[in-house]
Amino acid sequence: MNTVTRAHLAETIYAQVGLSRNESADLLETVLERMSSALESGESVKISGFGTFSVRQKGRRIGRNPKTGEEVPILPRRVLVFRPSHVLKARVNGNAAVADDDE
Amino acid sequence: MTKSELTADLAAANPHLTARDVELIVATVFDEITAALARGERVELRGFGAFTVKHRNARTGRNPRTGEAVPVEEKVVPFFKAGKELRERVNRGRPARSPA
Numbered sequence: 001m002n003t004v005t006r007a008h009l010a011e012t013i014y015a016q017v018g019l020s021r022n023e024s025a026d027l028l029e030t031v032l033e034r035m036s037s038a039l040e041s042g043e044s045v046k047i048s049g050f051g052t053f054s055v056r057q058k059g060r061r062i063g064r065n066p067k068t069g070e071e072v073p074i075l076p077r078r079v080l081v082f083r084p085s086h087v088l089k090a091r092v093n094g095n096a097a098v099a100d101d102d103e
Numbered sequence: 001m002t003k004s005e006l007t008a009d010l011a012a013a014n015p016h017l018t019a020r021d022v023e024l025i026v027a028t029v030f031d032e033i034t035a036a037l038a039r040g041e042r043v044e045l046r047g048f049g050a051f052t053v054k055h056r057n058a059r060t061g062r063n064p065r066t067g068e069a070v071p072v073e074e075k076v077v078p079f080f081k082a083g084k085e086l087r088e089r090v091n092r093g094r095p096a097r098s099p100a
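The listed protein sequences derive, respectively, from chains D and R.
Read in the working numbering, the first sequence has 4 at position 4, and its numbers run on one by one without any break.
Read in the working numbering, the second sequence has 42 at position 42, and its numbers run on one by one without any break.
Take the hints with a grain of salt, since some may be wrong.
As the list claims (entries may be wrong) - Derived DMTMM-like pairs (lysine to aspartate or glutamate); straight-line CA-CA distance at most 25 Å:
id	chain 1	residue 1	chain 2	residue 2
1	R	K3	D	E43
2	D	K46	R	D21
3	R	K54	R	E73
Source of the hints: derived by calculation from the structure; they are not laboratory data.
All chains, please: the whole structure from these sequences, using the hints.
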């Protein structure tokens, strides 16, 4: 299966916007960094037509080492969840003509 | 943070770019990820995370209001797994920055 990487995305920005390759790569990095730092501060990132990244607080629970059966405490932590928008769900199913209704 | 706030942020950090260019850049990023997923490809951004699609088999669902059985066709759903660096940053957390 093909994998799209930073290089592909930067190349697309380069082709679409007409900035230098270097600057295109830097701008992509800035976009990802801004999103990351918002999430780091606990803020959700809502991209209309794409989806919402949010941070969820998980409580302490008892886990188990599946190999040894030993109980290990899983400490409270914050995890990132992504909820795809209806538009994105429809697009990956090859349905482009969906109403643009984002929540 | 919304897409328009992200765009405004990027514009403020890059005063030499036109508003139109900045909007196009942000749109391009998400449109390209979407297009790759629509082709069934995977998008891997080291340190940030990976977007993939997962296959869901057809199943018989139920209308929760009426209890009526409804067929649900097989489909694919978009999935995001946070990269190691981002996962650790989110878990560690940091108070909100004052806007730059």
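Checked hints:
no. : hint          : in the structure
1   : R:K3 - D:E43  : 13 Å, holds
2   : D:K46 - R:D21 : 20 Å, holds
3   : R:K54 - R:E73 : 14 Å, holds
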